[in-house]
Each structure stands twice: as C-alpha cells, then as structure tokens.
Amino acid sequence: MNKPLRRVAIFCGLLVLALLLRDNWLQYVRADELNAHPKNKRVTIERYSNKRGNIIVDGKPITGSVDSGDNFYAYKRTYVDGAMWAPVTGYASQAFDANQIEKIEDGILTGNDDRLFFDRTLAMFTGEKKKGGDVVTTLSGAAQRAAFKGLGNKTGAVVAIEPSTGKILALASTPSYDPASFAGYHDKDAKAWQALEKDKNKPKLNRALREIYPPGSVFKVVTAAAALESGKVTDINAPTDTPEGWKIPLSTLPMKNHAGGCANATLNDALRVSCNSVFAKLGDDVGRDKMVEMAEKFGFNAEQFTPVRSAASVYDKKADRGGNALSSIGQFNTATTPLQMAMVTAAIANDGKLMKPYMIDQLRAPNLDIIKKNEPEELSRPVSQRTAQQLQEMMENVVENGTGGNAALDMDGVKVGGKTGTAQHGEKNAKRPYAWFISYAKTAQGSPVAVAVVVEDSAGTDREDISGGGLAAPIAKAVMKAVLKSKG
Amino acid sequence: MSVVTNTTTIGAIEAPSRRNTELALLAFAVAIPVFAYLNVGLAIDGKVPPGMLGYGAGLTLLAGVAHLVVRKFAPYADPLLLPLGTLLNGLGLVLIWRLDQSPRLIQRATSAYGSFSPDAPKQMLYSAIGIAMFVGVLLVLKDHRVLQRYTYISMVAALVLLLLPLVPGLGSDVFGAKIWINVAGFSIQPGEFAKLVLAVFFSGYLMVKRDALALASRRFMGLYLPRGRDLGPIVTIWAVSLLILVFENDLGTSLLFFGMFVIMLYVATERTSWIVIGLLMSAGGAVVVGSTASHVQSRVAAWLDPFGCLKTAPEGSNMANACDQMTQVLMSFGSGGILGTGLGQGNSDLIGFAANSDFIFATVGEELGLAGVMVFLLLYGLIIERGVRTALAARDPFGKLLAMGLSGAFALQVFVVAGGVMGLIPLTGMTMPFLAYGGSSVIANWALIGVLIRISDTARRPAPSPAPNPDAEMTQVVRP
Chain A
447 MNKPLRRVAI FCGLLVLALL LRDNWLQYVR ADELNAHPKN KRVTIERYSN KRGNIIVDGK
507 PITGSVDSGD NFYAYKRTYV DGAMWAPVTG YASQAFDANQ IEKIEDGILT GNDDRLFFDR
567 TLAMFTGEKK KGGDVVTTLS GAAQRAAFKG LGNKTGAVVA IEPSTGKILA LASTPSYDPA
627 SFAGYHDKDA KAWQALEKDK NKPKLNRALR EIYPPGSVFK VVTAAAALES GKVTDINAPT
687 DTPEGWKIPL STLPMKNHAG GCANATLNDA LRVSCNSVFA KLGDDVGRDK MVEMAEKFGF
747 NAEQFTPVRS AASVYDKKAD RGGNALSSIG QFNTATTPLQ MAMVTAAIAN DGKLMKPYMI
807 DQLRAPNLDI IKKNEPEELS RPVSQRTAQQ LQEMMENVVE NGTGGNAALD MDGVKVGGKT
867 GTAQHGEKNA KRPYAWFISY AKTAQGSPVA VAVVVEDSAG TDREDISGGG LAAPIAKAVM
927 KAVLKSKG
Chain B
11 MSVVTNTTTI GAIEAPSRRN TELALLAFAV AIPVFAYLNV GLAIDGKVPP GMLGYGAGLT
71 LLAGVAHLVV RKFAPYADPL LLPLGTLLNG LGLVLIWRLD QSPRLIQRAT SAYGSFSPDA
131 PKQMLYSAIG IAMFVGVLLV LKDHRVLQRY TYISMVAALV LLLLPLVPGL GSDVFGAKIW
191 INVAGFSIQP GEFAKLVLAV FFSGYLMVKR DALALASRRF MGLYLPRGRD LGPIVTIWAV
251 SLLILVFEND LGTSLLFFGM FVIMLYVATE RTSWIVIGLL MSAGGAVVVG STASHVQSRV
311 AAWLDPFGCL KTAPEGSNMA NACDQMTQVL MSFGSGGILG TGLGQGNSDL IGFAANSDFI
371 FATVGEELGL AGVMVFLLLY GLIIERGVRT ALAARDPFGK LLAMGLSGAF ALQVFVVAGG
431 VMGLIPLTGM TMPFLAYGGS SVIANWALIG VLIRISDTAR RPAPSPAPNP DAEMTQVVRP
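For the record, the sequence lines run as chains A and B. At the far end of the first sequence sits residue 934, using our numbering, and the numbering has no gaps. At the far end of the second sequence sits residue 490, using our numbering, and the numbering has no gaps.
Bound conformation, chain A alone (with noise of 0.2 Å):
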C-alpha cells in the first residue's frame, strides 16, 4: 500500500504548495492594488484613528479634531469659519473621502508620512499616542475675509497673490459649502453631500481654481504685453494705426467698441477705455504664435499645482486670423482661471518675473519641527522688466483716469494699477456677463498684492449695472486694503 501512500503524500503536498503560492499572489502580488482599493474602509479607518493635524492660517489652526465616539472613525473633522476656508481646506469626510490640502498632504496630516517616522518611533517608546503634523499655509485671514466678504452673495472667486514670492494670500470661492456639514458618515452628513451634489449653484466647485471663464477685457493685459515684447508698439503714447470699425479677418464684421475714441488711440488710451478693435488689430499684428508664446509663459495652456490643482487656462494654438483677434481680447476660446489672471497681473507687479504661485509655506511635525519649507521659486520671465514698468504705467492709469476708479486707495505713497474686464459669453452673448477686475498694490518697497476678481451673474443686478469696474473692483480693493493693513 506504500506506493499510492506516497503519491497521495505527493497530492497533500501539492496542496499546500498550492495554497502557498495563491497567499503569496495575494499578499505579496496583489497586496497594494487590494490595499488601495476604494471599497477598502481601511484607508479612512487610518485617517481618523487619531487626531489629525490641521491647517494653520496666521499661526492659528482653520481646522480641528473632536472625539466622535465612533468603533469606526475615532475622530470627525471640524472647520473653524469653513465655508470660507473652503476651496483652501479641501474637506475630509469619513463617507466621501477627502481633497484638496486635506487629501494632498493626508500623509502629513495623519501622521503616516514617512518623513514622520522618527516621531512616530519615538511616540511608541514614550507611549505617547500618534499625532499628525500641521500644514502651514500661507494665506492671510485678513486679505480672505475681505474677499469672501466682498463677493458675499454673488457667486464667483477671488485669488490675491504676493507678487514677490508667490504667495497666495487670498483664495475665495462663493457660493461655498461647510466641509463640515458632512464631515461625519451618518444619514445627515450624506443628507447634507447629496443637497450639495444636487445643488445647481454648484456649491462645491472650486471657482479660484477650477473654473475657467471668458477673461473678457481684462486679457487686454497680455495682448498689450505682446505688442510690447514683440516690438509691434514701442512708445505706449503714440496713437496706433487703428481704423474705428476694424475689420475682424475672415469675416465681415467689423470690431465693436463700447468706448469712445478708439481710433488711432494710443496704447495707454486703448486700455484706459478698453477698446476692443485696437487690442484685436494688435493680437492681429502680434500673429497667432508670439500670441499664443506670451499666454503660455504667463502660465497659460497648463495646469498649475499650488499644489493643489488648477484647471488650465486656454488661449487657443489653433485658432484662425479671426479667432486669434477675438481670442486677443479674450473671447472666442480663451478663458482663464482667476488664479491664472491672478498670476498675469502678480507677473506684471513684480516687473516681469512669474513666481511659482503656492499656498503651503510649510509642513510641520507633531512637535513643531519643519519638515518642509517651501521657497519661492521663479516660473519664468514673461516680459522684461522695461516692458512690465510700461503695462505697469498703463495700467495705473486706468484706475487714475479710466475705468478701474473704484480700486482706487486713497493711501499715502501706494500706488494702484488695475484693469476692468466684462466678458460675454453664451450664445450670441445672451447670457449675463462675467464681471471682472484686476489689480495690484505698488508701494516703495515693492508689490505686496495683486489680485484677481470674477462676479459671476448675479441675481439682483441690472444687467447695465455688471461691469468689471462696478462689480468687482470694489472687492479688489477691499483685499488690497486688508493686505496692506496687516502689513502695517
């Protein structure tokens, strides 16, 4: 009887073997893909097992952790004034996952980020339990009240900037949501997340970052940053060869101007009173590619990373004469986030050099460490500095003497530069503008802020009355005042 005993000895050991290497599929092969898997609670679990790290605005946390007394979720998130912090925080919900900073530096925040695990090592021996680090910001609550303030019950966004850094001071988003209405996984957090999903206001989007509108005027900027850099205008008080009613090429119809005094009108006048037909004829002149090579460097076509994710601002690389002129006065397929406006005007103000926008100054351990600090870092030098002194020059204008009266700071030795921009859209431009404004401070030492605003259609306001200048200036403004204010 040995010799079937021993192929069935055989046969046992077969399988084993074969439960042996099915484990090692599972556990060795297949370990992360099952580990990462989004029906796998685990990652949650480990996200609020203990108290999390916060987010710090002005070295005071715009976040918390409270017990919530759950076998599930040890600890719930809460938000100190959170719909105004918002499109910052990003939200962490034990249901619905988390994003934005609360989802980017989850590592941090946790306390499982491997550059934690000194702490962590020494948290078992001292048998203190796990914390998470904090993650410093560099916003401003001031410049972030004033701006979540000022667009109030309009819907729309505001991204202020420090043009020498940076630096994103300010970074609003209205209509906005408390993160922690739904902070929790019971029937009223999920109650609260599907109000928001359903939500046609669009409650949760984030309007600084993600959205992208038609700039309308305010692009003007660039086209006249072009024309510059490529030569085509050398002296911005000389009149322009510009007939009223230009031609649009490939079509029929000619440029119209809402303003008055457009033909031949200097470059200064043109952008004082926005005059479509010279901005047109100039991205015209300019050519598609050098056009297209100028938006670009201001960060145009890419996403940018603060880091958390922008949407990427478009100027179209395809476009035709015509389109081109219409996209130089920013219509037809350009359209821009307000943090990419932002940049444009932060470029300008630090007289031609593009800093890498961000918004997380440093990642901190449980016990105050620095983990990592982020420097400024350049982007890229979209004009020369002779060129941005001229959009500069212009630019202050406006508010002197043109359309931007309304960001006008009435401030001993501040000087204020900005641009109006009401940008139609929708068929046949029937649907309401978006009012737009764009601005920054100068003072002796240098720009402080620059900032970028856009009032989506607003309820309550007589479509005569939406205007870059009327709508969104005084916001600018306002942001402006808090930064300088706190500056002192």
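Just so you know, not all the hints are guaranteed correct.
To be verified - Here are the simulated DSSO-like cross-link-like pairs (lysine-lysine), alpha carbons at most 27 Å apart as the crow flies:
| hint | chain 1 | residue 1 | chain 2 | residue 2 |
| --- | --- | --- | --- | --- |
| 1 | A | K497 | A | K819 |
| 2 | A | K634 | B | K321 |
| 3 | A | K646 | A | K634 |
| 4 | A | K576 | B | K57 |
| 5 | A | K693 | A | K650 |
| 6 | A | K802 | A | K818 |
| 7 | A | K819 | A | K577 |
| 8 | A | K575 | B | K57 |
| 9 | A | K600 | A | K497 |
| 10 | A | K577 | B | K321 |
| 11 | A | K702 | A | K506 |
| 12 | A | K764 | A | K678 |
| 13 | A | K693 | A | K763 |
| 14 | B | K219 | A | K487 |
| 15 | A | K506 | A | K449 |
| 16 | A | K931 | A | K600 |
| 17 | B | K321 | A | K485 |
| 18 | B | K219 | A | K644 |
| 19 | A | K637 | B | K321 |
| 20 | A | K497 | B | K57 |
| 21 | A | K799 | A | K927 |
| 22 | A | K693 | A | K637 |
| 23 | A | K763 | A | K799 |
| 24 | B | K219 | A | K449 |
| 25 | A | K678 | A | K693 |
Simulated from the structure, these hints should not be mistaken for lab results.
Add chain B to chain A, keeping to what the hints say.
Okay, now just chain B, sitting in the frame of chain A:
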C-alpha cells in the same frame, strides 16, 4: 548503520521514544502563544493584559497533562503531533481573544442579539474538553486495531451524525447552513465527529474488500472498471455527500467526505481508475448542484469576480452578501502585505460575520502577513506530513488506511478552508482546524490527533524480543 540516529517514524526497530523532544517542543508551543497574547494586549490597551497569567497557566496545564499521558500511555508516539496541535490551538485562542476586543464586533453583536459575550473563554473550555478527549482516546484505545470490530456500527453512527441536523426540532438552520444541532443549550456540529467515525468505517470496510475491489474488474480503455456490485459503496457515499450538500447546504463537508473516501479507496486498491471515477462523479455532482442550489451559485460568483459581482448583485441579496464578504476577506489579506499590521492592529473585524470562525484565517493574513500565513500553512503541512509518515510506518493495513484517511481529511479540510478564504476555490463554510472558534471542531480535531498518536505509537513501538530459540547458539548468521 546505527539505529540511534534514525529520527523518522519509519521502520525503526528500536526507535528512541523522543518524549523529551516532545517536551522541549511543547515549551515553545506554549511560550509562543503566551507572547502573542502579551503582544495583543500591548497593541490594544498599551498594557500587559490581565488574563495573561491565567491564559499561560491554562495552556501549560493542558499541554502538560497531554504530554504526561502520552509519556505514560503512548511512549513511542510521534513527537511532533502534540506540540503542533498545542501551538495552533494556543494561537487560535489568542486570535479569538483579539477579535473579542474589537469594539466593532461588540457593537455588531449588541445591536443584533442585544448582548455580547466573549468567545475566548468558551474556546478555552472547549480546548480543555478537546484535551480531555485526546487523553480519553489514549486511555481507552490501547490498540487502534480494536476499532476494526466497529466497522459497520461506525457506518451507521456516521450516517446518523451526518443526518442529525435534518431532524426537525433538533437541527438548527444557522446562517443558511443546516449543520448544527442543539443539545441542552449547546450547538454541536456533528459533521466534525462524523469525519472520524467515517474514517474508521472506510478503513475497516476497505481492508476487507480491497482485494475484491482491486482485482475483480474488467479492463476498458486502459482503466480497470470495477464490477457493478463493488461500485455500490462509492455510489452510496457519493449520494450521501450530495444529500448533505443539497439539504444541509454544506459544500465543504460533502467535498471532504467524498475526497477522503476516494483517497482511501485509491490507497487500498492501488487502482488509478478509482481516482478517475471519483473525479468524474464529483464533477457530475458539482454540475448538478451548481446549477440548482442558489447558495452554491452565489459562492461561485463571489469566487470568480468578487469586486465585479458586488456591483452586479442585487442589493441585500444572498449573492451580494457573499460577494461583500469575499471582498472584505481579500482586502484583509491585501492590507496585511508581507509582514502584516501586527497582532491587534489590523481591521479584519470589518469582515463582521463569522470573523473568528470561518474567516479567522483572514485575521492571520492581515495581522501576521504573508510571513505569518506561510508559517501557519507549514504548521498544517507538518501535521499532514507526520500523519502520512504514520500511515507509511504502520504495520497493519487497517492502521495504514485509518492514518491516511485522517491525515487526508485533515489536508483536504485545510485546503478547502484556506483555499476558500484566499479565493483559490469557492468559499465553503468550514472551520480551520484548531484555529477557528467552535467546540465541535476543536474537540474532534484533538480526538483525531489522539488517534494518530495512538497509531504512530503502535507503529514505532519496538517489536517484542523474539522468544529464546534453543537452536540459537548452534546457528550463526554471517552478515556482510
């Protein structure tokens, strides 16, 4: 060749008893679970668990008693079987105790039944009964060949045990499988005991009939086909397996019994044809059952594509539950990775239902990782190997068949359970021997180890010295 160096159970004339080896191994088998217990306590509460002393003393006592009984009543027994059983049982207790601490499982039990009672103390009691059973087997069964006398009684007993859960009023339908009976407040799984009794019946029956089964056959296409009347028993067993499957919803047990029978038949007759016939019949059974029983269908769906079937299965259906369970188990294994999360630090309690019984192997996978699972599989592999060696060493065909049947059944059970949990084969509701929570399983498996130890003792016992031969001095054998 010196016989002293012979460390196997095979064919030693004067094999050393190896009782001290067993004792040393037992020390490890007790120390490792005690450290594991400490580890869980530190991981969960951050302090030395209060029950550690009691647990350590209890396990030491059980192992000590078992060892002394083996030393006295089965001195030549295989030295590995008892330590392996003790180690697995001890670690099983730790894992069950660990799951008892899970607030999620406590909450689940409280909301479902209104109360929660920890399973580890009960399992400790069952382990004690199991050791008592082991001791009982060694005390009562002085020679395993005695069991031959009970061949047909065993058959009746096995059938009764198997069919008991179908008796109205006695059997209870728990979570879709009718494999429990309620006696005086205890629920017992008679199938676990039937495994042993059935092995006795098969051994006795096959020992007598093996020649008829092996030789009286016609050759057809290279296979020896048995006579119709010899086919009777195998068809009967097949039918009973199918009955169990269909009426008790117990895929595992039916597979186990049929597999055990085919293995023993093959060993007894040395005819490959039995394997072929067995495979054909189980394939036929699988097709019939797979196309009729919804229970089996959902298990198969959960096996083929657990994540996919979770999406397609109707919400709240049996199939959705099966798939959800399977995905949870797989993610448990995945989260464990190579070294595991550490005892007490995993989330295998997310499996929820039956986490400490049918799915306890997932906790091993998550908290001890690939390394831990491989250790456990090798421990099981060693038990099987020692069983097969015992079968090889046994001098009587009955003992050979019995040892082979028991170790074969053990191997199949480990394969079916672990393979099911790891998604290698469709899931069946069976217990991991020694590891899973459940009285019947622990007790029956200790009895199984007892029988194997008895057979190995008989096999390794030195032959009695021959009677003095008056002619001895006149004959001289010349050896090279």
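Pair hint outcome, A/K600 versus A/K497 [Cα-Cα no greater than 27 Å]: violated, 36 Å
Hey, B/K219 versus A/K487, does the alpha-carbon distance stay inside 27 Å? With a Cα-Cα distance of about 57 Å, the restraint between B/K219 and A/K487 is violated, given a limit of 27 Å.
Given hint B/K57 paired with A/K576 - CA-CA distance at most 27 Å: holds, 16 Å
Verify the proposed pairing of A/K497 with A/K819, using a straight-line Cα cut of 27 Å. Holds. A/K497 to A/K819 sits at ~23 Å (cutoff 27 Å).
Next pair to validate is A/K634 with B/K321; report whether the Cα-Cα distance is within 27 Å. Judged against 27 Å, a Cα distance of about 25 Å means the pair holds.
Do the alpha carbons of A/K764 and A/K678 lie within 27 Å of each other, as the hint requires? holds, 22 Å
Against the 27 Å threshold, does the CA-CA distance of A/K819 and A/K577 hold or violate the hint? Given pair A/K819, A/K577 holds - Cα atoms ~20 Å apart, limit 27 Å.
Is the hinted pair A/K506 and A/K449 satisfied, with a Cα-Cα distance of at most 27 Å? violated, 79 Å
Decide if the proposed pair is consistent with the structure: A/K693 and A/K763, CA atoms, cutoff 27 Å inclusive. holds, 22 Å
Measure nothing beyond the straight line between the CA atoms of A/K693 and A/K650; if it is 27 Å or shorter, mark the hint as holding. Violated - the C-alpha atoms of A/K650 and A/K693 are around 42 Å apart, more than 27 Å.
Given the proposed pairing of A/K702 with A/K506, does the C-alpha separation stay at or below 27 Å? violated, 51 Å
Sort out whether B/K321 lies within 27 Å of A/K637, counting only the CA atoms. Satisfied, since the Cα-Cα distance of roughly 23 Å is no more than 27 Å.
Violated hints for the displayed structure, listed by number in ascending order: 5, 9, 10, 11, 14, 15, 18 and 22.
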